[in-house]
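Protein chains: 2
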Amino acid sequence: MTDIEIAQKNVMAPIADVAKKIGIGEESLELYGPYKAKITMAELRALQEKARDPQKRGKLILTTAVTPTPAGEGKSTVSIGLGDGLNRIGKKAVIALREPSLGPCFGVKGGACGGGYAQIVPMEDINLHFTGDIHAISIANNLISAIIDNHIHQTNALRIDPRTVTWKRVVDLNDRALRNITIGLGGRTDGIPREDHFCISVASELMAIVCLATSISDLKKRIDNITVAQTFDRRPLKFGEFKCTGAIAALLKDAIKPNLVQTLEKNPVFVHCGPFANIAQGTNSVNATLCALASGDYVVTEAGFAADLGAEKFMDIKCRAAGISPDAVVVVATVRALKMHGGMAKADLSTPSIAALQKGFENLSVHLDNIKKFGVPSIVAVNKFVTDTDEEIAMLEKLCETKGARAVLCEGWAKGGEGMEELARAVVDITEKTKADFRYLYESSASFVEKIRTIARQIYRASDVEFPPSVLKKLREYEEMGYKELPVCIAKTQNSLSHDPKLMGAPKDYIFPVRDVQLYSGAGFVVVLAGDIMTMPGLPKMPAALNIDIDDDGVISGLF
Amino acid sequence: MTDIEIAQKNVMAPIADVAKKIGIGEESLELYGPYKAKITMAELRALQEKARDPQKRGKLILTTAVTPTPAGEGKSTVSIGLGDGLNRIGKKAVIALREPSLGPCFGVKGGACGGGYAQIVPMEDINLHFTGDIHAISIANNLISAIIDNHIHQTNALRIDPRTVTWKRVVDLNDRALRNITIGLGGRTDGIPREDHFCISVASELMAIVCLATSISDLKKRIDNITVAQTFDRRPLKFGEFKCTGAIAALLKDAIKPNLVQTLEKNPVFVHCGPFANIAQGTNSVNATLCALASGDYVVTEAGFAADLGAEKFMDIKCRAAGISPDAVVVVATVRALKMHGGMAKADLSTPSIAALQKGFENLSVHLDNIKKFGVPSIVAVNKFVTDTDEEIAMLEKLCETKGARAVLCEGWAKGGEGMEELARAVVDITEKTKADFRYLYESSASFVEKIRTIARQIYRASDVEFPPSVLKKLREYEEMGYKELPVCIAKTQNSLSHDPKLMGAPKDYIFPVRDVQLYSGAGFVVVLAGDIMTMPGLPKMPAALNIDIDDDGVISGLF
Numbered sequence: 003m004t005d006i007e008i009a010q011k012n013v014m015a016p017i018a019d020v021a022k023k024i025g026i027g028e029e030s031l032e033l034y035g036p037y038k039a040k041i042t043m044a045e046l047r048a049l050q051e052k053a054r055d056p057q058k059r060g061k062l063i064l065t066t067a068v069t070p071t072p073a074g075e076g077k078s079t080v081s082i083g084l085g086d087g088l089n090r091i092g093k094k095a096v097i098a099l100r101e102p103s104l105g106p107c108f109g110v111k112g113g114a115c116g117g118g119y120a121q122i123v124p125m126e127d128i129n130l131h132f133t134g135d136i137h138a139i140s141i142a143n144n145l146i147s148a149i150i151d152n153h154i155h156q157t158n159a160l161r162i163d164p165r166t167v168t169w170k171r172v173v174d175l176n177d178r179a180l181r182n183i184t185i186g187l188g189g190r191t192d193g194i195p196r197e198d199h200f201c202i203s204v205a206s207e208l209m210a211i212v213c214l215a216t217s218i219s220d221l222k223k224r225i226d227n228i229t230v231a232q233t234f235d236r237r238p239l240k241f242g243e244f245k246c247t248g249a250i251a252a253l254l255k256d257a258i259k260p261n262l263v264q265t266l267e268k269n270p271v272f273v274h275c276g277p278f279a280n281i282a283q284g285t286n287s288v289n290a291t292l293c294a295l296a297s298g299d300y301v302v303t304e305a306g307f308a309a310d311l312g313a314e315k316f317m318d319i320k321c322r323a324a325g326i327s328p329d330a331v332v333v334v335a336t337v338r339a340l341k342m343h344g345g346m347a348k349a350d351l352s353t354p355s356i357a358a359l360q361k362g363f364e365n366l367s368v369h370l371d372n373i374k375k376f377g378v379p380s381i382v383a384v385n386k387f388v389t390d391t392d393e394e395i396a397m398l399e400k401l402c403e404t405k406g407a408r409a410v411l412c413e414g415w416a417k418g419g420e421g422m423e424e425l426a427r428a429v430v431d432i433t434e435k436t437k438a439d440f441r442y443l444y445e446s447s448a449s450f451v452e453k454i455r456t457i458a459r460q461i462y463r464a465s466d467v468e469f470p471p472s473v474l475k476k477l478r479e480y481e482e483m484g485y486k487e488l489p490v491c492i493a494k495t496q497n498s499l500s501h502d503p504k505l506m507g508a509p510k511d512y513i514f515p516v517r518d519v520q521l522y523s524g525a526g527f528v529v530v531l532a533g534d535i536m537t538m539p540g541l542p543k544m545p546a547a548l549n550i551d552i553d554d555d556g557v558i559s560g561l562f
Numbered sequence: 003m004t005d006i007e008i009a010q011k012n013v014m015a016p017i018a019d020v021a022k023k024i025g026i027g028e029e030s031l032e033l034y035g036p037y038k039a040k041i042t043m044a045e046l047r048a049l050q051e052k053a054r055d056p057q058k059r060g061k062l063i064l065t066t067a068v069t070p071t072p073a074g075e076g077k078s079t080v081s082i083g084l085g086d087g088l089n090r091i092g093k094k095a096v097i098a099l100r101e102p103s104l105g106p107c108f109g110v111k112g113g114a115c116g117g118g119y120a121q122i123v124p125m126e127d128i129n130l131h132f133t134g135d136i137h138a139i140s141i142a143n144n145l146i147s148a149i150i151d152n153h154i155h156q157t158n159a160l161r162i163d164p165r166t167v168t169w170k171r172v173v174d175l176n177d178r179a180l181r182n183i184t185i186g187l188g189g190r191t192d193g194i195p196r197e198d199h200f201c202i203s204v205a206s207e208l209m210a211i212v213c214l215a216t217s218i219s220d221l222k223k224r225i226d227n228i229t230v231a232q233t234f235d236r237r238p239l240k241f242g243e244f245k246c247t248g249a250i251a252a253l254l255k256d257a258i259k260p261n262l263v264q265t266l267e268k269n270p271v272f273v274h275c276g277p278f279a280n281i282a283q284g285t286n287s288v289n290a291t292l293c294a295l296a297s298g299d300y301v302v303t304e305a306g307f308a309a310d311l312g313a314e315k316f317m318d319i320k321c322r323a324a325g326i327s328p329d330a331v332v333v334v335a336t337v338r339a340l341k342m343h344g345g346m347a348k349a350d351l352s353t354p355s356i357a358a359l360q361k362g363f364e365n366l367s368v369h370l371d372n373i374k375k376f377g378v379p380s381i382v383a384v385n386k387f388v389t390d391t392d393e394e395i396a397m398l399e400k401l402c403e404t405k406g407a408r409a410v411l412c413e414g415w416a417k418g419g420e421g422m423e424e425l426a427r428a429v430v431d432i433t434e435k436t437k438a439d440f441r442y443l444y445e446s447s448a449s450f451v452e453k454i455r456t457i458a459r460q461i462y463r464a465s466d467v468e469f470p471p472s473v474l475k476k477l478r479e480y481e482e483m484g485y486k487e488l489p490v491c492i493a494k495t496q497n498s499l500s501h502d503p504k505l506m507g508a509p510k511d512y513i514f515p516v517r518d519v520q521l522y523s524g525a526g527f528v529v530v531l532a533g534d535i536m537t538m539p540g541l542p543k544m545p546a547a548l549n550i551d552i553d554d555d556g557v558i559s560g561l562f
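First to last, the sequence lines map onto chains F and E. Residue numbering for the first sequence is 3 to 562, as defined by our numbering. Residue numbering for the second sequence is 3 to 562, as defined by our numbering.
Worth flagging that the hints you see were computed from the coordinates, not collected in a lab. Hints should not be assumed to be uniformly reliable.
Identical copies carry no separate label here, and so any pair may be met within one copy or between two of them.
[As the list claims (entries may be wrong)] Think about it this way: if two alpha-carbon atoms lie no more than 20 Å apart in a straight line, the pair counts; the simulated DMTMM-like pairs of lysine to aspartate or glutamate are:
no., residue 1, residue 2
1, LYS543, ASP192
2, LYS52, ASP554
3, LYS223, ASP551
Please model the entire structure based on the sequences and the hints provided.
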């Protein structure tokens, strides 16, 4: 059966019943049909307060992975399965995940609700529109653009230099034709011509902002602080100067509230906000994590791409902003992915190869070392594929042991929570026996150059960082503007520990080149661009959209 | 109190209770919070079937108006108040309205939920996002664009001529900078450069399609039929050829289902789809009207702008597509608007003037004559303003009498349903005493030229129509392609009975110039452009967005 067929065969529990399991009453839910709900603002506040008390909140388990390969790792499947597994062994576990973007859904990757018997449901709704959060963020983002261009067109009292507008329009699709455009053509009544660029909604600063904001005031402060352009005399212009923040925040009044859904095994899952993990922080909202921490004894959450991107940003950006930290990290690996890191071609992956596995293990090894630098214990989740041999799995377990990490075979895809009980027990065990001694990789007080160099050397294993003079100048300006304390969010390829997507395995001792930097003063970090980062993906020759259909009863097929 | 303050003071009934009043059980609702719901697909089908039986459906009352002026007419306020008034006098009345677009909401006009004590609620939600229908239509529209541009970029197996793409991207905002743009810049990997244009979502063909489709199959057939471009050898290309209709329809799976909300007096209102009334049909969905007709003894619905645009399209496009017809028409007029049509400046409207009223009455008189041509009886609703004098109102009543139309003073804005009881009684009276003898203005079998000429002469009072040779050629081509039976949807200014916005009052004997035509083969009509039609409005110097705010409890202010 396909994922969607498994999901459709499943009988869901009313979401109010799922909420009740974690102490959230019906009066604290805003229902979106019987199987989806948002948490009311009042309940959100109560849960935030509880989660901020270290005595009252649950343990936080972060799922991350080895460097992605075309072989696939199944991080969401492991996260969801682990949540189910923890519930099966008697723990009150809650999962917190990102919302899927429509771009990948219709492009190459498909949806993002897990797979097999480790899925969240209703998967069609979660993958398509869900409760409208991404649409709300998209239109709020584009209203900011319309307000800016209207201001330039009407009076330009703020003296905005149209050549300096950095705030981009968005659409939540893969649409390469919108990457580079010219707007405002047509003459006197049709605006001021300028170059513009669309990015996919999930790569936007506003997505990052909603993901970090914990209240409407916090949201408004962040929107006020967005740097959107410069004036003709090069003064950075914040959106607050347009006096239109209230309308933008009003559009986001529901988007800021976490959504609750369920796994196939009827366990609670908060699914909220979906920032990309290359250009932004790559993890679900602070609000969703706080709700989960307040309502579960164990919280399973994940961060996008591999540990060099998702986990580092989770620790240094999200944990710092939210005042939380993980108690353990689960690193997802597959025999197939490691064999690719060891040099095997995708077509050959079904052939057993201990040698390729050993060689590719270097990638996992680096990620395990990196996680130690944050003072958090880790476990390796070996996501089982049918082609894996017993010898390969035994070898992988042995290799992990040499790094002091336990490797646990996971069969969530085929068996749901039952196939994840061993990992669940291992997670409980490690959190009970090993107290995390969490620390950030860098201090807020360090300079931007130091922050970037620390990440590049310690996480990416570069020997040094190359900063163009223009970047050094911009970083100095940001520091002078009072932003020195901000963390950095490095935008680099997800396909390598380095900046170069071709370097698989465990590259080291190279020069990490920074191309440009951009101040996300609303979100509260500095984006550091290294290599070509896609903020607007394109569709492939045969988009996933071509497989999707719907019948007269509204039943969807071909969504994966 | 402002509209939003009145709305927020009101205590809503759970929407399930409101639905129960019209025989719709909770199992037939998909709740979006406690006060909004969609009708399930099963219930929609049951209601459609009932509504198609003339013995079982309620009476249909269409609200239309005199030609709009900056003085405002309050058509929605009258429609909502009339629904409440009918319920107050013991009739089971249901209202069917369009969904507001975010463009006007942040631009000049504000929201579209009525005013004073004749409002629909929750007005903040209905005005902002609502149940996500317009967002779903926007993203589905833009996925069609992405699929087209991706096809051109990848292989262009269909040999699409990029210069001929007529399918436009949309955003549901007033954003003039997107009216004329160049896309696909940047080089080899960033698409094929071409000219493009955004329009506001509510002006799109896809909005018109969702508004007319009665099932998923019907929707898919219409999407298949959309003409999106031409090939290099000038063959019109339909979207069906891209084999991606299923994904587009899947995105619209919920958008096709009507939404139920309530008036301040807790009466049921279907609010669904919002096509513009200049470029499209300007009235709520067929599905919503059918649901209302099946569940109410009286259904009050409205069509955008004045009777020359909204009412004509309601009769000739919507009624034809849905197999329904109105039993009576209510024409909304105000003393102030008629005085403007009589030549008074807006600043002087508070000064009593019988002369200006008499002169301006000509506009109302033409609309009353026009409605007679459809064989439907009409009533004039005089929407009372505080500056109206008794003499002016008496004169207006007398003038209407000369046309054989009863004029009824309406005080829905100030008094809610209580101020609308007299109009409600008059509506019941006219539908009981006068049987409508409904007829279309033109037959489907007439040529496009005949159809356009009939509307221009009979409704717009032009002496003739000017067709450029290129338009005649296109119309002939459409007929040869097999579209001869389609109705025409004339896109012209709303500010005059003619094509010229400066001609107030009752212009006649002029030449009506057709500029261009466009085949909406998906929606099922031919758009006839006369004059400059704005399909992407711009923001004013001081956008309404600047007044909107939200507090930490999520309470919105300044939305009107």
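Hints breached by this structure = Violated hints: none at all, because every hint is consistent with the structure.
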